[in-house]
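Asker: Start from chain R and add chain B according to the hints.
Protein chains in written order, with full-length UniProt numbering: chain R, 1 to 286; chain B, 1 to 215.
Note that these hints are calculated values from the structure, not bench results.
One should not assume that every hint holds.
What the hints assert, rightly or not - Where chain R lies over chain B, by a calculated footprint (3+ residues, C-beta under 8 Å): (1) 21-30; (2) 38-49; (3) 53-61; (4) 76-83; (5) 160-171.
Stated by the list, open to error - Using C-beta positions, here's what the derived DEER-type ranges look like: (6) Trp211/B with Gly165/R: 26 to 34 Å; (7) Asn109/B with Gly165/R: 23 to 31 Å; (8) Pro163/R with Trp211/B: 21 to 29 Å; (9) Ile19/R with Leu79/B: 25 to 33 Å; (10) Leu31/B with Pro11/R: 32 to 40 Å; (11) Gly179/B with Gln166/R: 53 to 61 Å; (12) Arg176/R with Ala164/B: 56 to 64 Å.
We put the beta carbon where it would ideally sit given N, CA and C, even for glycine.
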Amino acid sequence: MSSVLYDVPGPVARARNRILGVVGVAAIGTVIGLVLYRFYATGQFAPRMWEWITYIEIQYRILEALWNTVRAFAVAAVLSVVFGALFAAGRLSDHSWLRVPSTAIVEFFRAVPLLILIFILYFGLDQGIGIQISAFWAVVLGLMLYNGSVLAEVFRAGINAVPRGQSEAAYALGMRKTRVMSSVLLPQGVRSMLPTILSQLVVVLKDTALGFLILYEELLLVARQLGSQGQLGSPILQVALVIAVIYIGLCLILSGISRLVEKRLTRGPVAPKTTDTGQVGGAGVL
Amino acid sequence: MNVLLDNLDVYIRGFGGTLGLFVVAAIGSLLLGTLIAGMRVSPVPVLRGFGTAYVTILRNTPLTLVLFFFAFAYPRLDLVDLSFFTLASIGLTLYTAAFVCEVVRSGINTVPVGQAEASRALGFTFTQILGQVVLPQAMRATVPPMTNVQIALLKNTTIAAGFAVFNAGGIYQTLSERGYNVLVGLLWVALFFVILVAPLTWMQRSLDARWGVSR
Chain R
1 MSSVLYDVPG PVARARNRIL GVVGVAAIGT VIGLVLYRFY ATGQFAPRMW
51 EWITYIEIQY RILEALWNTV RAFAVAAVLS VVFGALFAAG RLSDHSWLRV
101 PSTAIVEFFR AVPLLILIFI LYFGLDQGIG IQISAFWAVV LGLMLYNGSV
151 LAEVFRAGIN AVPRGQSEAA YALGMRKTRV MSSVLLPQGV RSMLPTILSQ
201 LVVVLKDTAL GFLILYEELL LVARQLGSQG QLGSPILQVA LVIAVIYIGL
251 CLILSGISRL VEKRLTRGPV APKTTDTGQV GGAGVL
Chain B
1 MNVLLDNLDV YIRGFGGTLG LFVVAAIGSL LLGTLIAGMR VSPVPVLRGF
51 GTAYVTILRN TPLTLVLFFF AFAYPRLDLV DLSFFTLASI GLTLYTAAFV
101 CEVVRSGINT VPVGQAEASR ALGFTFTQIL GQVVLPQAMR ATVPPMTNVQ
151 IALLKNTTIA AGFAVFNAGG IYQTLSERGY NVLVGLLWVA LFFVILVAPL
201 TWMQRSLDAR WGVSR
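Only chain R is shown next, with the shape it has when bound in the complex (with noise of 0.2 Å):
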């Protein structure tokens, strides 16, 4: 791999990278091998530990549990686009009786923590004013809120990044507003967007275990649930490996599927280059 920071090594250089890839294989193995053997002196390679996956209802417990989080991944999911599509079009609005509110919505919900979001969705509606909604619509809703706010920048920022001629040769040849917005701003936005979005989706994904926190049915509390009883020889760390995989698999095909639609995105022609892109999306980490 050539690169920026460095030649193609030479005879000495090679011999330097092979010493400091011994010490770094040593370092790390040196971390890694303590944890395992932490592991084998606290006995958490006894076949015991692992039975529990042999279990067809605790197998089918884990899959309604995945279940669940895919459900509230995928409602949120929807939910956040159409959010972030109506208020990105509220905060690029003409008028300020939509613009200013819109703005002001977006940018609270962006500085909220989620789950600050989510405990007042669940506990303050609740002993607030006496709406009480489920733990799921909680998790959804608060999703919304924080991922849908993110998602409006990312759409405006979209917009903004079409070229200017378009949308004044749009009007030039008579279009009205909604028009050049819906036929030529939008799919050219949307279209330089969508790997963002796809990614900020991944965020929506790893946040629905914050559900774990309101005692909502999923991966998490089922792993807490699994990993405290006794009668299974109490296998936390070995529920949360099991768990941790699942998340990051379900993670790497979505992100996987982004990086697909990138690349097709730009082989073909006309992607307009955003610079705002990056910036925007990593007002979603969490």
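Answerer: For chain B alone, coordinates are given in the frame of chain R:
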């Protein structure tokens, strides 16, 4: 208003916890993230591989699960006994470092190749190029995304409240025990976060305005 004034102690303690976690994890993640970014661009394949694996794993794991590991699974390993605050700081640091690493790395990619080539022509070593030529320039490009990562960290600290670290995320529980209106109490928490995030965003804009255009 009463909810806030009557429980000022809870709010101060809660946001104190949040800021404590934030400061520790922010410094930790900046250091560790830069170190891992250095690994990811280094000429040593093993270190590159480790950096990539680290970032891929951490970025695709929910933070709640990372903290879950430290709160419930770590004590099972019978290692050093650490307080929940320390464990949460470690978890937040490790998680945020993966994002910091990516920001630094993409910043490094914005530095023109000629800069590094010129330094190599002058006989700089890898460490010198990275430390004296590339990173200082990369840092300028990374101001906006880095601030975003740190703002996300500030908000993420609330999750530690779910794992026995008292901070802004746990305020509602105390209010609920004391019989106050939880909704109003939580709205105050939300408002304080808006107030906390605002100066960071402002700093981001002004730093970006000062440094960003220089290339």
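Asker: With reference to the structure, classify each hint as holding or not holding.
Answerer: Hints and how they fare:
Against chain R, the segment 21-30 of chain B contributes 0 residues with a C-beta closer than 8 Å to a partner C-beta. That does not satisfy the three-residue criterion, and the hint is violated. Only residues whose C-beta sits within less than 8 Å of a C-beta in chain R count toward coverage, and the segment 38-49 of chain B has 8 of them, enough to reach three; the restraint holds. Counting residues of the segment 53-61 of chain B whose CB falls under 8 Å from any CB of chain R gives 5; the rule of at least 3 is met. Here's how the segment 76-83 of chain B fares: 4 of its residues keep a CB closer than 8 Å to some CB of chain R, so the rule of at least three is met and the hint holds.
Coverage of the segment 160-171 of chain B by chain R holds [criterion: at least 3 residues with CB-CB distance below 8 Å; count 4]. Between tryptophan 211/B and glycine 165/R the Cβ separation comes to about 30 Å, which falls inside the hinted range of 26 to 34 Å. Between asparagine 109/B and glycine 165/R the C-beta distance comes to about 29 Å, which sits within the given range of 23 to 31 Å. A beta carbon spacing of about 27 Å between proline 163/R and tryptophan 211/B agrees with the range 21 to 29 Å that was offered as a hint.
Evaluation of the 25 to 33 Å hint for isoleucine 19/R and leucine 79/B yields a pass: the beta carbon distance comes to about 30 Å. Remark: the range hint 32 to 40 Å for leucine 31/B to proline 11/R is upheld by a beta-carbon distance near 33 Å. Roughly 59 Å separates the CB atoms of glycine 179/B and glutamine 166/R, a value that falls within the hinted 53 to 61 Å. Judged by the Cβ atoms, the range 56 to 64 Å given for arginine 176/R and alanine 164/B holds: they are separated by roughly 58 Å.
The structure fails hint 1 only (numbered hints given earlier).
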